[in-house]
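Asks: Residues per chain are reported as follows:
Number of protein chains: 2
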Amino acid sequence: MQNFEYYNRTKIIFGRGTESRTGAETAVYARRILLHHSGGSVVRTGYLDKVKESLKAAGVSWVELDGVQPNPRLSLVHRGVEICKKEKLNFILAVGGGSVIDSAKAIAIGALYDGDVWDFYDRKQTAARALPVAAVLTIPAAGSESSVSSVITNEEGPWKSSVNDECIRPVFSILNPEATFTLPPFQTACGVADMLAHIMERYFTREAHVELTDELCEGAMRTIIRNARRVITGGGERDYGARAELMWAGSIAHNNLLSTGRIGDWGSHAIEHELSALFDIAHGAGLAIVFPAWIRYNIKEDTPRLARFAAKVWGVDGAYYDYEQATLEGVLRMKNFFTSIGLPVSFEEAGLDSGKIPLMAERAVKFGPLGNFRRLDAGDVEAIYRLALK
Amino acid sequence: MQNFEYYNRTKIIFGRGTESRTGAETAVYARRILLHHSGGSVVRTGYLDKVKESLKAAGVSWVELDGVQPNPRLSLVHRGVEICKKEKLNFILAVGGGSVIDSAKAIAIGALYDGDVWDFYDRKQTAARALPVAAVLTIPAAGSESSVSSVITNEEGPWKSSVNDECIRPVFSILNPEATFTLPPFQTACGVADMLAHIMERYFTREAHVELTDELCEGAMRTIIRNARRVITGGGERDYGARAELMWAGSIAHNNLLSTGRIGDWGSHAIEHELSALFDIAHGAGLAIVFPAWIRYNIKEDTPRLARFAAKVWGVDGAYYDYEQATLEGVLRMKNFFTSIGLPVSFEEAGLDSGKIPLMAERAVKFGPLGNFRRLDAGDVEAIYRLALK
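In order, the protein sequence lines correspond to chains A and B. Residue 373 in the numbering used here is what sits at position 373 of the first sequence, and the numbering runs on without skipping anything. Residue 262 in the numbering used here is what sits at position 262 of the second sequence, and the numbering runs on without skipping anything.
In case anyone wonders, no lab produced these hints; they're calculated from the structure. It should be emphasised that the depicted structure is a prediction, and the values quoted were computed from it without experimental measurement. Think of the CB as a built atom: it goes at the ideal place given N, C-alpha and C, for glycine as much as any other residue. Check before you lean on any hint, since a few could be wrong.
As the list claims (entries may be wrong) - Beta-carbon label-pair distances, calculated as ranges:
1) B/Thr126 / A/Ala57: 24 to 30 Å
2) B/Asp302 / A/Glu207: 52 to 58 Å
3) B/Ser61 / A/Glu155: 53 to 59 Å
4) B/Arg9 / A/Gly368: 32 to 38 Å
5) B/Thr126 / A/Val171: 22 to 28 Å
Stated by the list, open to error - Straight-line distance between alpha carbons at most 30 Å, and here's what the computed DSSO-like set of lysine-lysine pairs gives:
6) B/Lys88 / B/Lys11
7) A/Lys335 / B/Lys312
8) A/Lys11 / B/Lys390
9) A/Lys356 / A/Lys366
10) B/Lys312 / B/Lys390
11) A/Lys312 / B/Lys312
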């Protein structure tokens, strides 16, 4: 087990009707804020209005900035930074999913910086301070509501890159599973793939003596898989219990508890980022394409761990007889699961142009080789894309 | 799933050599502190000296108060409160196990209160403020290093009672598994029983749709059981990996993550407190006596959950054919496990006077009926003690 620090200061407020507490929690920090959202379903469903009522009741006023898209854009972040500076706003409330929260985090860094906030995503600068950010979550997926991560797309490349720093961890997050009842099945499924990927990135480690976190990871993955089926294919769109399991699992998947003592991989995330940067597909869909290929490419690496994954998460018997066969069976079950919840598992199914593969492979290793379970250079990344063709 | 708030602000610093960071972490809060410990093994092993070196190097000075015993005493807490007030100390560092940390927390409350700190344990007052407390942990067991709990024994009764409030959660805790290499097997075993009990108190709930936390609880319990065997009966006293699993599991068992969305029971803890209050036996040993009896007494209550416990934690096959038989087999395996690691599982084995049972049963329900899985009055508690006679 590796030495580690574990510190997560996000206050989670979870359950039915909890959006009504937004105002009181916000008022602890500021009386005038930037209210950031997509302008889409959060408006149509009336959920944003509930949040606004709560803010009003607590005497909090706001400047509104909507328009956040999936794969949130740098140009909108620039506008948010401008508004915060001009209006002297010192607190950002994100109402939405991971894209909105990631965008809010980027604005929070940019508001306290004189140059272009992209410098932090381009690794020219290290984030050390940011305005406080909070979230009212509507899409369980990214785990951004209690994570230190923000992923932004710079349209000029297009480049997709991340910042990971304690200073952007939300001070509080409000999670009401009822807000997810109206999520389209495809979006729910993308969220599920994202949560599973966050756990898999931590799970696939070479570190010995990580039994506790292995057990926690496996239990969380099984819970996500079962409840995803209930919600998406079992008619449970409005099943509060199942929605609640998914929503809380999505936070725990990415709040770093599950990585304590271990060195995660994170290669697949970087490999996927090229798909969503170039083709603008949903991150979760991209992960469902990349992860099975990544496992197959690594079939000779630490096969006991890969076979354990197949056994404990996908119920593959016989994992102790032939590690490789067990792993392959696990990959098949994972692909079947993704397919069953409506996700593409190949370039072909997603209609992606395979001609871009060499370019994507080069771009993916821009900051150097990827991953820790196995270090991947451009050639490895290209081979993984090709394993995902069909 | 119940609505919940989850917020744990304790910064955990985990791993080899981490005691060397005590000084720097403390200096953030104070330059002169109360240093609280047992005066026992922590001195003999030289571990306290390492902590002192770190404090010195960071320019932190201290007033020392040793003498904490298992089942920490109110009289020593009173002395600590006096010292803090007289010397105007604003920070308390506990070096030791749960008893030392609980004692430090009591001092932290008392130092900001004009009356007797026992008022809070006797439920005449609600704790709302306390001096900041931090811990350097040497015994994985109580989970006090990141919990809101403190349990103190008032020798006059003797009474044993607890305070549970956010204000006493440690601001940081340092966990070096190497510090546990020299723990006697019996003390390691008591810690293991305590951790398991913390999880079982959360696990035995009537709440539906708590799959994620069920999975996390089960995984943590399995990890504790396996690694306890390795350390105590497998010759692994100095097995860093196994000691590390136990130490981190002990924190997670009691940091409230595992109770999110559920209503725990906590009856067994109150039933045990009478044993350790009257007979001064180790809390963990008392729990190994009480918990199997508590489960047997509740065999007709929510048998699917009890059988699931037997299946998932103790590997009992056939849990789906006959819930009661599966549960009883689980209880037998649990008792065998406790016996194998050197703990008593009955009044007889621990040499406790059964004549005190009616008195203990009356005292246990002093504040009203116990537990939530099933409400227990004095008659129920007496019956549970009697199930634990042999």
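Asks: Hints broken by the structure, by number, lowest first?
Replies: Violated hints (numbers, rising): 2 and 8; every other hint is consistent with the structure.
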